[in-house]
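Protein chains in written order, with the UniProt record's numbering: chain E, 1 to 273; chain L, 1 to 377; chain Y, 1 to 68.
Everything labelled a hint here was simulated from the structure, so no lab data went into it.
Be aware that one or more of the hints could be misleading.
List time: in silico DSS-like cross-link candidates among lysine-lysine, alpha-carbon distance up to 25 Å [to be verified]:
hint, chain 1, residue 1, chain 2, residue 2
1, L, Lys44, E, Lys271
2, E, Lys179, Y, Lys29
3, L, Lys44, E, Lys264
4, E, Lys213, Y, Lys35
5, E, Lys221, Y, Lys49
6, Y, Lys35, E, Lys221
7, Y, Lys29, E, Lys221
8, E, Lys43, L, Lys196
9, E, Lys179, Y, Lys35
10, E, Lys224, Y, Lys29
11, L, Lys180, L, Lys4
12, E, Lys179, Y, Lys30
13, Y, Lys8, E, Lys179
14, Y, Lys14, E, Lys8
15, E, Lys224, Y, Lys49
16, E, Lys221, Y, Lys30
17, Y, Lys38, E, Lys221
18, E, Lys224, Y, Lys38
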Amino acid sequence: MVSGLIEKYFRYNRLPHIWCPGCGHGIILRSIVKAIDELGYNKDEICVVSGIGCSSRAPGYLDFNTLHTTHGRALAFATGIKMANPNLKVIVITGDGDCAAIGGNHLIHAARRNIDITTIVFNNNIYGMTGGQYSPTTPKGEKGTTAPYGNIDKNFDLCELAKAAGATYVGRATAYHAKLITELVKSGIQNKGFSFIETVSVCPTYYGRKNKKGDAVNMMKFLKDNAINIKAAKSSDAERLNGKFLIGEFYKSIEPEYTDEYNKIINIFQKER
Amino acid sequence: MDKKVKLMQGNEACVEGAIAAGMRFFAGYPITPSTEIAEISAQKLPRVGGKFIQMEDEIASMAAIIGASLTGLKSMTATSGPGFSLKQENIGYASIAEVPCVIVNVQRGGPSTGLPTSPAQGDVMQARWGTHGDHPIIALTPSSVRETFDLTIRSFNLSEKYRVPVILLLDEVIAHMREKIEIPNEDDIEIINREKPENDIGEYRPYETKGERLVPPMASYGEGYRFHVTGLIHDETGFPSNSPIVAEKLIKRLIDKIEVNKEDIISFEEYNLDDAEIAIVAFGSTARSAKSAIDMARDMGIKAGLFRPITIWPIADEEIDELSKKVKTIIVVEMNLGQYVYEVERIAGKNCNVIGFGRANGELITPDEILDKIKEV
Amino acid sequence: MPTSITNKELIIKKDWCKGCGICVEFCPKKVLALKDGKVEIINLDACIKCGLCELRCPDYAIFLRGEI
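Construct all of the structure, not just a fragment, from the sequences and the given hints.
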């Protein structure tokens with residue numbers, strides 16, 4: 001027996017999923033599906049696209065139109081899908097390496113176009129599928145199998161990156177703050193434009209073990225204790241914010257959407273005919 | 001009805017052919033000498049309700065056309081040398097996921113940035129083996145502007161029929177040369193569309209084939225079938241599998257769907273071969289020089305003829321084998337330092353003498369040079 | 001119409017449980033425990049059917065029936 005939500009939206013005969021014990025990805029995925037359920041969309045109109053990595057296995061478990069593409073390229077495939085059929089609600093599930101390293105160029109350009117795609121990054125701060133190499137979001141000084149003496153790269157703030165590139169909806173939640181994920185994803189899908197939601201996941205197997213963060217429970221507690229909603233942060237003093245990170249809805253704006261703009265061009269000629 | 005007669009270059013004929021074939025999506029990135037294909041697509045597609053997008057790079061362009069094709073639109077991209085290299089990973093994706101699409105590669109001098117404005121035929125092997133792993137591919141190569149129009153349509157047709165990426169291999173000369181062409185009436189153009197599933201929703205297995213037909217029917221995203229597509233080895237349901245049995249079955253079917261249908265896929269031209277003692281094998285713009293050389297040789301009493309592969313992949317092995325039993329020598333002329341010649345040698349080498357004649361300095365091979373080679377033999 | 005709290009039933013799907021302990025830790029009423037690497041209900045009477053276990057179970061192995 002499975003829960004109603006899982007039964008309705010998951011290809012549950014493919015469960016249990018491949019993710020490690022305590023991996024935050026399963027929590028995030030359920031929260032996304034909850035958002036789709038609350039929005040009441042028909043399953044046929046949802047298209048979920050992913051790249052390569054742990055996060056990118058997610059679409060295979062979902063009962064929608066699903067596409068598991070090549071490493072880093074999910075947004076480029078998704079752009080083709082959305083352009084070709086703007087009626088589809090296109091959601092991209094990606095990881096920190098997939099989205100910000102090999103796929104970084106596609107991210108900034110999809111954001112720049114403000115194409116109506118909702119991108120959800122499962123950020124576990126590491127390359128999990130290949131066994132724990134440092135990623136563009138591994139904090140400076142922390143370890144990975146390819147940073148045995150500590151990572152000397154500066155890490156990206158993915159939300160700032162997406163916002164600067166032109167995303168019209170930006171937010172962050174964590175695997176602990178599952179209800180917030182649902183809220184942000186709902187708003188993101190409803191935003192007519194490029195929406196970017198960073199979900200901070202936990203990877204006890206690689207990131208946690210390499211950096212002595214404890215087990216999954218400890219890592220979840222860390223998220224609980226160190227994430228501050230941007231609304232609360234506004235009324236907090238600097239001392240309370242020290243060392244913490246922000247979650248919540250960071251940015252939204254209304255801008256022309258890409259497929260709408262292209263349809264205007266098509267319409268010029270339809271009137272002519 | 002009057003037929004339309006127009007003066008146009010190869011790149012323009014390519015877009016005209018694509019739109020006639022039903023192309024409704026193009027994604028590309030500017031690169032010489034293919035750029036006109038993107039420019040003309042940008043101009044013409046919205047007029048027929050189609051879509052054009054200039055992506056951030058060639059990798060993204062290849063990805064976008066696969067995505068668009070999955071929603072049911074006939075899709076194409078065009079590029080040249082460096083961009084063709086960038087597209088390779090996603091060409092492999094289209095091969096394994098069996099997503100119909102057309103990739104035009106206007107060959108220029110390489111390697112790397114090489115000779116951006118000069119012709120070459122150096123991507124022959126890359127067209128066949130550019131992406132990693134064993135994979136199916138079809139590649140066609142025209143040698144005139146009119147043939148570019150026809151072969152672009154044929155590229156779409158083969159792509160739809162066999163659910164395989166089709167590479168249209170032009171060279172800079174064919175792409176930029178202007179010729180008068182007669183555009184056929186719409187009714188006279190054969191159009192093939194991908195086979196759609198007849199299953200009830202829920203019973204659709206996206207990679208299940210029926211009987212002798214090795215190509216599974218293809219649903220589009222948004223039609224209600226809700227299927228999964230992956231670049232991983234997958235079974236008939238479309239979901240990944242690590243089983244060696246599943247892997248072998250899939251790869252074998254992907255290769256076989258081209259192999260057993262070679263007769264339908266392979267096309268070629270024979271010129272003065274009936275009594276020939278020397279056969280030239282040449283394609284693209286080089287075949288035009290070869291034809292002139294053969295005419296000159298005939299005037300001198302040398303029995304020379306031309307075998308021009310139009311489908312260069314898969315190779316016309318049976319026809320080349322037959323040819324090798326009739327002639328004394330085959331000369332493979334190509335604008336590279338020896339690529340197709342090794343394939344021809346593999347097939348013909350046991351029966352006749354096979355020699356290669358090529359160059360990779362950005363200059364065309366002239367009829368006189370080919371004639372000299374014929375006389376040498 | 002939402003099902004009333006009393007109608008909800010706490011269900012464990014043991015074969016999907018990977019024993020991470022997240023549900024155990026964040027259950028506000030200490031209803032759950034890990035035993036032999038799998039979750040178990042140790043104090044059902046204390047359960048307030050809040051659903052936090054379901055919300056944070058990465059493996060969909062624990063849920064309230066009667067609610068989607």
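Each hint, compared with the structure:
no.: 1; hint: Lys44(L) with Lys271(E); result: 15 Å, holds
no.: 2; hint: Lys179(E) with Lys29(Y); result: 20 Å, holds
no.: 3; hint: Lys44(L) with Lys264(E); result: 15 Å, holds
no.: 4; hint: Lys213(E) with Lys35(Y); result: 24 Å, holds
no.: 5; hint: Lys221(E) with Lys49(Y); result: 22 Å, holds
no.: 6; hint: Lys35(Y) with Lys221(E); result: 22 Å, holds
no.: 7; hint: Lys29(Y) with Lys221(E); result: 17 Å, holds
no.: 8; hint: Lys43(E) with Lys196(L); result: 21 Å, holds
no.: 9; hint: Lys179(E) with Lys35(Y); result: 28 Å, violated
no.: 10; hint: Lys224(E) with Lys29(Y); result: 18 Å, holds
no.: 11; hint: Lys180(L) with Lys4(L); result: 10 Å, holds
no.: 12; hint: Lys179(E) with Lys30(Y); result: 21 Å, holds
no.: 13; hint: Lys8(Y) with Lys179(E); result: 20 Å, holds
no.: 14; hint: Lys14(Y) with Lys8(E); result: 20 Å, holds
no.: 15; hint: Lys224(E) with Lys49(Y); result: 21 Å, holds
no.: 16; hint: Lys221(E) with Lys30(Y); result: 16 Å, holds
no.: 17; hint: Lys38(Y) with Lys221(E); result: 20 Å, holds
no.: 18; hint: Lys224(E) with Lys38(Y); result: 24 Å, holds
Consistency with the previously given hints fails for number 9 only.
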